[in-house]
Structure formats: structure tokens, C-alpha cells
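Based on the provided sequences and hints, a complete structural model is requested.
This is what each chain is made of:
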Amino acid sequence: MTALLDVFTYVAVGTGAFFFLAGTVGLLRFPDALTRLHALTKADNLGLGLVVFGLLPQVDGFANGLKLVVIWLLVMLSSADAGQLIARAERRARRRDD
Amino acid sequence: MTAFLLAAAGFVLAMVAAGLVRVLRGPGDADRLMAAQLLGSGGIAALLLGGAAIGDGSVVDVSLTLALLAAFASVAFVKFAPSGDSP
Amino acid sequence: MTGPTLFALVAAALVGTGLYGFIVSPSPLRKILAFNVIGSGVFLMFGVIARRGAIAGIGGDPVPQALLITGIVVAFSATALAITVLLRLAEEAPTTTLEPAPPRGAPDATRTTS
Amino acid sequence: MIELFYAAPALLILALGVYATFARDAFAACAGYLAYGLLLTVAWVQLGGVDVALTEAAIGGGLTGVLLVRACAKLPAKDSGLRADGAGAPIRWLAALAAIGVSTALAYAVLALPVPAATLAPEALANLAATGVGNPITAVLLAYRAMDTMLEAIVLLLALIGIWSLAPDRAWGGRPGPGYEADPHGILAFIARVLPPIGLVVGIYIFWVGADQPGGKFQGATIVAAMWLLTMMAGLTDAPPVSRRLLRLLLVSGPLVFVAIGAYGAFAAGAFLGYPEGLAKPLIIVIEIALMPSLALTLALMLAGAPQRSAAT
Numbered sequence: 001m002t003a004l005l006d007v008f009t010y011v012a013v014g015t016g017a018f019f020f021l022a023g024t025v026g027l028l029r030f031p032d033a034l035t036r037l038h039a040l041t042k043a044d045n046l047g048l049g050l051v052v053f054g055l056l057p058q059v060d061g062f063a064n065g066l067k068l069v070v071i072w073l074l075v076m077l078s079s080a081d082a083g084q085l086i087a088r089a090e091r092r093a094r095r096r097d098d
Numbered sequence: 001m002t003a004f005l006l007a008a009a010g011f012v013l014a015m016v017a018a019g020l021v022r023v024l025r026g027p028g029d030a031d032r033l034m035a036a037q038l039l040g041s042g043g044i045a046a047l048l049l050g051g052a053a054i055g056d057g058s059v060v061d062v063s064l065t066l067a068l069l070a071a072f073a074s075v076a077f078v079k080f081a082p083s084g085d086s087p
Numbered sequence: 001m002t003g004p005t006l007f008a009l010v011a012a013a014l015v016g017t018g019l020y021g022f023i024v025s026p027s028p029l030r031k032i033l034a035f036n037v038i039g040s041g042v043f044l045m046f047g048v049i050a051r052r053g054a055i056a057g058i059g060g061d062p063v064p065q066a067l068l069i070t071g072i073v074v075a076f077s078a079t080a081l082a083i084t085v086l087l088r089l090a091e092e093a094p095t096t097t098l099e100p101a102p103p104r105g106a107p108d109a110t111r112t113t114s
Numbered sequence: 001m002i003e004l005f006y007a008a009p010a011l012l013i014l015a016l017g018v019y020a021t022f023a024r025d026a027f028a029a030c031a032g033y034l035a036y037g038l039l040l041t042v043a044w045v046q047l048g049g050v051d052v053a054l055t056e057a058a059i060g061g062g063l064t065g066v067l068l069v070r071a072c073a074k075l076p077a078k079d080s081g082l083r084a085d086g087a088g089a090p091i092r093w094l095a096a097l098a099a100i101g102v103s104t105a106l107a108y109a110v111l112a113l114p115v116p117a118a119t120l121a122p123e124a125l126a127n128l129a130a131t132g133v134g135n136p137i138t139a140v141l142l143a144y145r146a147m148d149t150m151l152e153a154i155v156l157l158l159a160l161i162g163i164w165s166l167a168p169d170r171a172w173g174g175r176p177g178p179g180y181e182a183d184p185h186g187i188l189a190f191i192a193r194v195l196p197p198i199g200l201v202v203g204i205y206i207f208w209v210g211a212d213q214p215g216g217k218f219q220g221a222t223i224v225a226a227m228w229l230l231t232m233m234a235g236l237t238d239a240p241p242v243s244r245r246l247l248r249l250l251l252v253s254g255p256l257v258f259v260a261i262g263a264y265g266a267f268a269a270g271a272f273l274g275y276p277e278g279l280a281k282p283l284i285i286v287i288e289i290a291l292m293p294s295l296a297l298t299l300a301l302m303l304a305g306a307p308q309r310s311a312a313t
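Chains A, S, R and X supply the protein sequences, listed in that same order. Under the working numbering, the first residue of the first sequence is numbered 1, with each subsequent residue one higher. Under the working numbering, the first residue of the second sequence is numbered 1, with each subsequent residue one higher. Under the working numbering, the first residue of the third sequence is numbered 1, with each subsequent residue one higher. Under the working numbering, the first residue of the fourth sequence is numbered 1, with each subsequent residue one higher.
If you are wondering where the hints come from, they were derived from the structure by calculation, not from laboratory data. Note that the Cβ used here is the ideal one computed from N, Cα and C, for glycine as well.
Here chain R is said to cover these stretches of chain X; the calculated rule only asks that three of the stretch's residues, wherever they fall, bring their Cβ under 8 Å from a Cβ of chain R: (1) 104-116; (2) 162-172.
Under the rule of at most 20 Å between Cα atoms (straight-line distance), these lysine to aspartate or glutamate pairs were calculated in the DMTMM-like manner: (3) X:Lys281 x X:Asp212; (4) X:Lys74 x X:Asp25; (5) R:Lys31 x R:Glu91; (6) X:Lys78 x R:Glu91; (7) X:Lys78 x X:Asp25; (8) X:Lys281 x X:Asp148; (9) X:Lys74 x X:Glu181; (10) X:Lys74 x R:Glu91; (11) X:Lys78 x R:Glu92; (12) R:Lys31 x X:Asp25; (13) X:Lys74 x R:Glu92; (14) A:Lys42 x A:Asp32; (15) X:Lys281 x X:Glu123.
The calculated label-pair distances, taken between Cβ atoms and stated as ranges, are: (16) X:Val252 x S:Thr2: 46 to 56 Å; (17) X:Leu249 x A:Phe30: 47 to 57 Å; (18) X:Tyr205 x R:Thr5: 31 to 41 Å; (19) S:Ile54 x X:Tyr205: 16 to 26 Å; (20) A:Phe30 x X:Leu11: 17 to 27 Å; (21) R:Glu92 x X:Pro184: 31 to 41 Å; (22) R:Ala93 x X:Ser310: 16 to 26 Å; (23) A:Leu28 x S:Phe4: 18 to 28 Å; (24) X:Pro122 x A:Asp60: 26 to 36 Å; (25) A:Arg94 x X:Leu250: 39 to 49 Å.
So this is what it looks like as C-alpha cells:
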């Protein structure tokens, strides 16, 4: 059972790390701010989400697991909001430039 | 397991470091904000991985604080950014 | 090289960086920022010293660590006061930069050259 | 890879410190400083200072970053940008020389530190049982070196008085800040409604676990202060007029309780801030509970700044 959970951790954390890679590559390579924002939210939500998911079997106690999930939810909440706010600021800036 | 978790933390930090090039280069304020955002979630992920690796449960509390304050800071940064809402 | 030693060298470099920026920057806001960089360099160095005092079962010497917490909070309050002074100055004065004003005796000369 | 975990933050911190100091654009420098604070948090965990990491996460990155970016927004760009012609060449050379000299001396001093390192950790742990708290850092802050913490609370209060005293005459006793407005159905208002309840719980939790685990009143109070400021920025609440009596009472109550317990110690335990045997833990908890709201208010109002509007508005 423990070995199975460890495999789960390896896979989930590894996939999460991959999404951080994807987010960074997108942030660096995509052509404009709005597409870069798209790449960033993948790293935020999926990358951190999978890392949290993978760590769940490794923490002891229900409270610590709950805290991990709360962290993920908080980051999703704030990144979704910040993403909207950043996109709106970008749109305003573009309208001003036109 | 410990080595794997530490390596994963190091990898995420390295990714974040690469993403920071956006903070340095810009060109727009939006890009700088995004890179700071990526650093927030990447930093939290690295802390969680490192904390699990060294077996220190209280690192989770640091991540929790970081998640809240990063949310506050990113909202404030967008609000006060030159291209954002006028304060 | 061990991790703490690397951090100590980085801290020493940060103090130097901040000091240089603090002296040459003409903008008070940037001086405050540079001062915070100096401060965090000092804190980091003190943190390395705390780490060196670690014994079994405890991550570092708690006395310097407690002083660090006090230091970070006091540095914040000093920064907040400095920023408020700066913002008030900006309300009253046409500019807040500390660049030397043009020589008083020859205002016309500077005007024609610019 | 494991070395990377240690080396990456150290080098990144250096790069961001340099960037925050030398970036042309002031807003970029502030964004760099925010990132810098986040990375310092990671560094503190690696250096075994989880309590310090909490403080850095809350204050160093969060509050200071917001303070700087708010100043950035209010100052004209030409005042805060860096220009190549800022200082003359001789001054630059002298400054560079001074900076390199200081850095070299510090690096030398650190490398020459004695081995084994001097430490007070065994003493701190040996007397931990007498204080009744489980976190040695809390024991240092509130028992061994309680005087520092008391003076710190007073320093914060003095800084706030200094900030308030910068108000123009017409606004004296009025409300700090410009009175932010935002769309009441917008995203800012949404997050300012959802986040603060969670933040309040987390803040009080961090405060409460401080007795036995990393955490404490400063960190908890900072989280609570940030949540209050968030509702202010979204226009949901307004900063109170600084002349309000209840506000002033709350601000001084924490330090006053601290001083009063110190004086009681002088009478009951033979030394100012000494705790009578067996009463240490309850008295520490009373001080912490009294300080928490005072600190949260002080930190939030420091960030709100000098009063700008008369109390009537």
C-alpha cells in the first residue's frame, strides 16, 4: 500500500513539475500578454494542484492534509482573480494605445 | 522519497527562476505582474515540497501565510499598477 | 561550499548592492528600496549566524531568530514612516528628487544649454 | 539536483536584490522587490528559521511590497525612475569602492566566524519548561527578552503617531487614504468579500499555534491587517478617523497591558517583566491576546498612511 502511494506521489508531483515547466515556457515564448496569462494560469492551477495532490499521502494527520487543500484553493481563487484583473488592465492599456 | 521531493522543489524553483526573466524584461507591467504571480505559486509549491522532504509540518503554515499575502499583494499590485485602476 | 555559507556570501553582496544604490540613486523612493535591500542582507547574515548555532532538535539558535523577527517588524515600521514622509513631501514640493539644483548664480545659462 | 534546491534561491535572491536596486522603472523595481521577499521566505526555511519565514512572508514581502508600490503609484514617474546621469562619476566610483569594501569585509567576517559557533540554544531550551511555552522563539520574545518585544510594540505605536502627525492641518483627526472606490459587483469586491473570512481564521490560527509551533502575534496580526486593507482597497470599508476614541484605546491597550504585567512582575517576581513561578504561561497568553488586536490595527493603519480627509467626510 505504501509503495503504491509513493508511486502516486512520484507521478502526481512529476506531472505538477511538468506543468510548471509548461507555464514557464509559455511565459517566455508566447507572443503577447494575454496568451502568456493563459500559460501562467496552467502552472498556477494544475502545477500547484498536482503537487498538492501528490503530497497528500505524504503528510500525517487530517489537519495538515486539509491545510494543503486550502492552500491550493486559495491560490486558485487569487490567481483566477488576479488573472482577470491583469487581463482587464492589459485591455485598458491597449485601448489607450490604439 | 526525500531526494525526489527536494529535487522536485529545486526543479520548480529553477522553472520559476527562468520565468523571472519576464519580470526583468517586461515589456509591459502586466508581464511583470504575471511573473510575480508565477513566483508566488512556484514558491509555495517549492516550500510544500521542501517541507515534506525535511518532514517539518509547520512549513505548511508558511505556505498558507504566503498564499494569503500573495493574493493580497497581487491584488494591490494590479490596483496600483500604472496601467491599472487609477488609485 | 555549504548552503549557509553561500547565503552568507549572498548577504554580504546584498549589503554592498544596497549601499551603492542608496548612495547614487537621486530618488528617495529608490533610496528607501535600497535601504531595505541592505536591511534584508543584514538579516540574512544574522540568519546564517542563527543557523550556525543549531543544535539537535532545533533548526537554529532561537535568540538571534527572535531578534530577527523583531528586526523585520521594526524595519517595516521605519519604511512605512519614511514612505509617508516622502508622500507628504510630494504633495507640498514640485519634485522629490535629490538631484542638485542648477547653480543659483546662472539660471539663464542652464536654460540656454538645455 | 539537491544542491540546486539550496543554490537556486541564494542566487535568485542576489539577482533580484540587484534588480530591485537598479531597475530603471520604479514599478518594475517594486515588483522585483515583491519577488525578492517571496524568495527570502524560501531561504529562511532552508536556514531553519520557520518563524522568521512566516514573518518574512507576511511583512517582508507582502506588506512592504504593497507599501512601496502604493508610493510608486502616487509619485510622478520622473521622481522615482533611475537615470544614468543621477550622480557624477567621482561619486559613483567612491560609492562602488565603499560598497565593495563593505561587502568584502562582511564576507571575510562571516568566513572567519569561530568554529564551533557560539550559541544560546542550549540555555534557551533548558529553561523552556519554566516558561510553559513549547516554541523557544516565543519564549525568547516573551520571557527571556520580553523587554525587546515590549519596546518594539511601543516603537510601532510611535511610528504610527509619526505617520499621523504628517497629516495636513485640514485633515487632522480625519481618515487616512484617499477613500478607495471600486465596482461593488466587480472582481476586486468579490475577492475582498471571500478572502477576509478565511484570512481571519488563518491569522488567528497562526497567532494561536505560536505558543508551541512556529507562529505568533506579529505574523497573525499581519495577516489580519492585510485582510482589512483588502476590504479598504475594494471600497467595502473605510479607514476609521484617527481621532476616534475607541480606535486610540485599542491601539494603546496592547502595550499598556504589557507594561502593566511588567510592573506586576516587578512587584510579584522581583524584576520588571519577571513572571511569578507557575504564572508564566497564563501571563504570556494575556500579553499575546492583548497585543494581537493592537498590532493588527497598528500595522494596517501604518500602511493606510497619514490622514488625508477631514473626519466629517
